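Chemist: Listed below, chain by chain, are the residues.
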Amino acid sequence: MTDQRDDNPKTLTRRALVRSAAVVASAAVATPIVRALAQQNAGPPVVEPLTDATKMSGLPTAALNARSAFEDPGQLPVGVLSGSSHTPLQALRGTITPSDLHFQRHHNGIAVLDPAKHTLTLHGLVDRPLTFSVDDIKRFPSTSRTCFVECAGNGRSAYRTPKPEMTPQDVDGLTSNSEWTGVSVSTLLREAGVKSGGTWVLAEGGDAAVLSRSIPMKKMLDDAIIAYAQNGEAVRPANGYPLRLVLPGYEGNMCIKWLRRLKVIDQPNMSRDETSKYTDPLPDGTARQFSFLMDAKSIITSPAFPEKLTQRGWWPITGLAWSGRGKISRVDVSTDGGKNWTEAELIGPSLSCAHVRFQHMWEWKGQQTQIMSRATDETGYAQPTLADFKRVRGTGTDYHYNSIRTWNVAADGAVTFGG
Amino acid sequence: MAKARAAAFVVLVLLAGACEARDASPAKSKRPDRFGIGRAATPQEIAAIDIDVNPAGAGLPEGQGTAATGALVYASKCAACHGPHGEGIDKNPKLIGKDPPAGFAFANDVKATKTIGNYWPYATTLYDYVHRAMPLTAPGSLTPDEIYGVVAFILSENGIAPATTVINKTSLPKVKMPAQSHFVTDNRKGGVEFK
Chain A
1 MTDQRDDNPK TLTRRALVRS AAVVASAAVA TPIVRALAQQ NAGPPVVEPL TDATKMSGLP
61 TAALNARSAF EDPGQLPVGV LSGSSHTPLQ ALRGTITPSD LHFQRHHNGI AVLDPAKHTL
121 TLHGLVDRPL TFSVDDIKRF PSTSRTCFVE CAGNGRSAYR TPKPEMTPQD VDGLTSNSEW
181 TGVSVSTLLR EAGVKSGGTW VLAEGGDAAV LSRSIPMKKM LDDAIIAYAQ NGEAVRPANG
241 YPLRLVLPGY EGNMCIKWLR RLKVIDQPNM SRDETSKYTD PLPDGTARQF SFLMDAKSII
301 TSPAFPEKLT QRGWWPITGL AWSGRGKISR VDVSTDGGKN WTEAELIGPS LSCAHVRFQH
361 MWEWKGQQTQ IMSRATDETG YAQPTLADFK RVRGTGTDYH YNSIRTWNVA ADGAVTFGG
Chain B
420 MAKARAAAFV VLVLLAGACE ARDASPAKSK RPDRFGIGRA ATPQEIAAID IDVNPAGAGL
480 PEGQGTAATG ALVYASKCAA CHGPHGEGID KNPKLIGKDP PAGFAFANDV KATKTIGNYW
540 PYATTLYDYV HRAMPLTAPG SLTPDEIYGV VAFILSENGI APATTVINKT SLPKVKMPAQ
600 SHFVTDNRKG GVEFK
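Line by line, the protein sequences are chains A and B. The numbering of the first sequence is the working numbering, which starts it at 1 and goes up by one. The numbering of the second sequence is the working numbering, which starts it at 420 and goes up by one.
The following block holds chain A by itself, in its conformation from the complex (with noise of 0.2 Å):
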């Protein structure tokens, strides 16, 4: 992300200064940034320069390490009771979304809820009809897995309304990647024992939704987590908090949060959210159901909306790839509107269902443009072109967006974003 903090590390906004105050404040000890704070007054964001930090002492320890006052990531829109908030996915390197910067997508608010109370009942086609506090969950033997939660409705603004000025946050920024730990959820259904025709699960959410879908055993049974920790520490309220459902590779609706009941079941329910939503009309008449793999997928995370090329020269073309059928195997950038591609390096180990960082060094010569990203997955399935993507879905279909991304860049350097 380029902006004006970031080309001039020694300024400060308004908001960012508030925020250091708030640190500093609980520090309780007079320093050369609270005599800047104090001096600071309300009005249009400050310069304020840093004295040489190698002349007195620093800060002293907090609770909380909490972001440099320079930094001012966030997600958007806030104040979301039944929609979603955009990880900040320009503001990002490598491949793990700060717990509080993990993307929102809530039916009726986040519910709050207290660990101690909060109970599991894991009930239906099973031999002893089970309840779990958070507690017991936490004694059975945890397992950890780094995997991204897309919503399926990811991109729905990009593909029906595009607009230039569109981030990656905009764009995609309903994908984060994390580290869950918590309890296979195959473990608990061997302590329930699971009764011959169990074929499904209904997972239903303790929120004002009461969320539900129903999802195949086989997952189940297969690396479906309940996570009670998110990037080493307890999963936060708006990601599901004491335990919420992990299904690696599905789509987001299906990690039911805030979990309350596993129904062991033999059909699925047709719950609102597996027939009405989160199904995709397609342009034979009919609509897909049951469409729970996030396919391959990638965003050019930088150079994107709002940055510009501010000289000619190398620029690293970087941002992220993930598939819900495996690993990432490739990334390809066009740096000429699609005519050439060119294998990009992928940064680190490509795990199954995973944020993956791709990395292109292109050297920009004050052409006009435009640079995409092409994700391939182990199953050799490769992001589909928009031209292909309306042909096969249609103009009105709905979720599991994922064609290739387009930046224009202009002479002057402007970056724009391209459908």
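Just so you know, the hints here were simulated from the structure itself, not pulled from any lab data. This structure is a prediction, so every number in the text was calculated from the model and none was measured. Treat the hints with caution; some may be incorrect.
Only pairs whose alpha carbons sit at most 30 Å apart, straight line, appear in this in silico DSBU-like list of lysine-lysine [stated by the list, open to error]: (1) 510(B) to 595(B); (2) 365(A) to 308(A); (3) 533(B) to 390(A); (4) 277(A) to 588(B); (5) 588(B) to 195(A); (6) 447(B) to 138(A); (7) 277(A) to 327(A); (8) 449(B) to 195(A); (9) 496(B) to 513(B); (10) 117(A) to 195(A); (11) 496(B) to 588(B); (12) 530(B) to 496(B); (13) 163(A) to 614(B); (14) 163(A) to 390(A); (15) 163(A) to 595(B); (16) 163(A) to 510(B); (17) 449(B) to 138(A); (18) 327(A) to 339(A); (19) 339(A) to 365(A); (20) 277(A) to 517(B); (21) 218(A) to 449(B); (22) 530(B) to 614(B); (23) 533(B) to 614(B); (24) 277(A) to 496(B); (25) 614(B) to 327(A); (26) 219(A) to 195(A); (27) 277(A) to 533(B); (28) 117(A) to 219(A); (29) 593(B) to 195(A); (30) 219(A) to 513(B); (31) 496(B) to 593(B); (32) 218(A) to 447(B); (33) 219(A) to 138(A); (34) 608(B) to 390(A); (35) 195(A) to 218(A); (36) 593(B) to 517(B); (37) 608(B) to 327(A); (38) 218(A) to 608(B).
We have chain A; now place chain B onto it with these hints.
Modeler: Quick look at chain B alone, frame taken from chain A:
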């Protein structure tokens, strides 16, 4: 010398012991078939949360409603968000509407709006969803009679069930939704083909 020999012998024995200890592989951690963690869920506590309804009607409670009783409930509990005629207000979805002129054209017509009448494949889903999640500001507050009534009203307004139909746990699963035949199971398989 004897003392030195004895000492050497002791050292050898100790070394042998050390080797022995090194050779024995540590026991692998064992996991039982069941851990016995958690407690039996009582029928009462299961009943309190076992709210789902399936297409066969399993989970539907006693009670009933008609379009006439439901119209009153709808007017007081639903219309503020969904509009007096189920037309939808702002982001609150449209509930009532028959097949768009071009048929099931949602993929080809970005303006085609999905409604209960033209898109929902199962009538039982209506009970399940209204019961668990509506009204948005007081979810779970409607009685079975109120829910059956609202369901009857919506089905009637969509032209799916006659206004006189009594909706209850027997009749609701028998209501055939017009959109049901359009739904197909996911046929994507990965690989080179884009579907």
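Chemist: Compare the structure with each hint and give your call.
Modeler: Status of the hints after comparison with the structure:
For the hint linking residue 510(B) to residue 595(B), the alpha-carbon distance of about 28 Å falls within 30 Å, and the restraint holds. The suggested pairing of residue 365(A) with residue 308(A) holds, with an alpha-carbon distance near 14 Å, which does not exceed 30 Å. For the given pair, residue 533(B) sits about 19 Å from residue 390(A) by alpha-carbon distance, which is consistent with the 30 Å threshold. Simply put, residue 277(A) and residue 588(B) have alpha-carbon atoms about 24 Å apart, close enough for the 30 Å limit, and the pair holds.
For the suggested pair residue 588(B) and residue 195(A), the alpha carbons sit about 26 Å apart, so the restraint of at most 30 Å is met. Of the pairs offered as hints, the one joining residue 447(B) and residue 138(A) holds, with about 21 Å between alpha carbons and a cut-off of 30 Å not exceeded. Taking the CA atoms of residue 277(A) and residue 327(A), the gap is about 28 Å. The hint holds against a cut of 30 Å. Between the alpha carbons of residue 449(B) and residue 195(A) the distance comes to roughly 25 Å, so the proposed pair stays at or under 30 Å and holds.
Taken as a hint, the residue 496(B) and residue 513(B) pair is honoured in the structure, with Cα atoms around 15 Å apart against an allowance of 30 Å. Taken as a hint, the residue 117(A) and residue 195(A) pair is honoured in the structure, with Cα atoms around 29 Å apart against an allowance of 30 Å. Taken as a hint, the residue 496(B) and residue 588(B) pair is honoured in the structure, with Cα atoms around 22 Å apart against an allowance of 30 Å. For the hint linking residue 530(B) to residue 496(B), the alpha-carbon distance of about 28 Å falls within 30 Å, and the restraint holds.
Note on residue 163(A) and residue 614(B): the hinted pairing holds, with a Cα-Cα distance of about 26 Å set against a maximum of 30 Å. The straight-line distance between the Cα atoms of residue 163(A) and residue 390(A) is roughly 17 Å, inside the 30 Å bound, and the hint therefore holds. With a CA separation close to 41 Å, the supplied pair residue 163(A) and residue 595(B) exceeds the 30 Å bound. Note on residue 163(A) and residue 510(B): the hinted pairing holds, with a Cα-Cα distance of about 21 Å set against a maximum of 30 Å.
Under the criterion of a C-alpha separation no larger than 30 Å, the hint pairing residue 449(B) with residue 138(A) is consistent with the structure, at around 18 Å. Taking the CA atoms of residue 327(A) and residue 339(A), the gap is about 26 Å. The hint holds against a cut of 30 Å. The straight-line distance between the Cα atoms of residue 339(A) and residue 365(A) is roughly 17 Å, inside the 30 Å bound, and the hint therefore holds. Note on residue 277(A) and residue 517(B): the hinted pairing holds, with a Cα-Cα distance of about 18 Å set against a maximum of 30 Å.
With a C-alpha separation of about 25 Å, the suggested pair residue 218(A) and residue 449(B) falls inside the 30 Å cut-off, and the hint holds. Between residue 530(B) and residue 614(B) the alpha-carbon distance is near 23 Å, which keeps this suggested pair within the 30 Å criterion. For the proposed pair residue 533(B) and residue 614(B), the alpha carbon gap of about 22 Å is at most 30 Å, so the pair holds. Of the supplied pair hints, the one linking residue 277(A) and residue 496(B) holds, its CA atoms being roughly 23 Å apart against a limit of 30 Å.
For the hint linking residue 614(B) to residue 327(A), the alpha-carbon distance of about 20 Å falls within 30 Å, and the restraint holds. Taken as a hint, the residue 219(A) and residue 195(A) pair is honoured in the structure, with Cα atoms around 17 Å apart against an allowance of 30 Å. For a cut-off of 30 Å, the pair hint linking residue 277(A) to residue 533(B) stands: about 10 Å separates their Cα positions. Of the supplied pair hints, the one linking residue 117(A) and residue 219(A) holds, its CA atoms being roughly 29 Å apart against a limit of 30 Å.
For the hint linking residue 593(B) to residue 195(A), the alpha-carbon distance of about 28 Å falls within 30 Å, and the restraint holds. With a CA separation close to 34 Å, the supplied pair residue 219(A) and residue 513(B) exceeds the 30 Å bound. For a cut-off of 30 Å, the pair hint linking residue 496(B) to residue 593(B) stands: about 26 Å separates their Cα positions. At roughly 28 Å between alpha-carbon atoms, residue 218(A) and residue 447(B) fall within 30 Å of each other, so this suggested pair holds.
A hinted pair counts as satisfied when its Cα atoms are at most 30 Å apart, and residue 219(A) with residue 138(A) qualifies at roughly 22 Å. The hinted pair formed by residue 608(B) and residue 390(A) meets the criterion: a straight-line CA distance of about 19 Å does not exceed 30 Å. Under the criterion of a C-alpha separation no larger than 30 Å, the hint pairing residue 195(A) with residue 218(A) is consistent with the structure, at around 14 Å. A C-alpha spacing of about 19 Å is found between residue 593(B) and residue 517(B), which places the hinted pair at or below 30 Å, so the restraint holds.
A C-alpha spacing of about 15 Å is found between residue 608(B) and residue 327(A), which places the hinted pair at or below 30 Å, so the restraint holds. Pair hint residue 218(A) plus residue 608(B) holds up; C-alpha atoms about 16 Å apart against a cutoff of 30 Å.
In this structure, the earlier hints numbered 15, 30 are contradicted, and the remaining ones agree with it.
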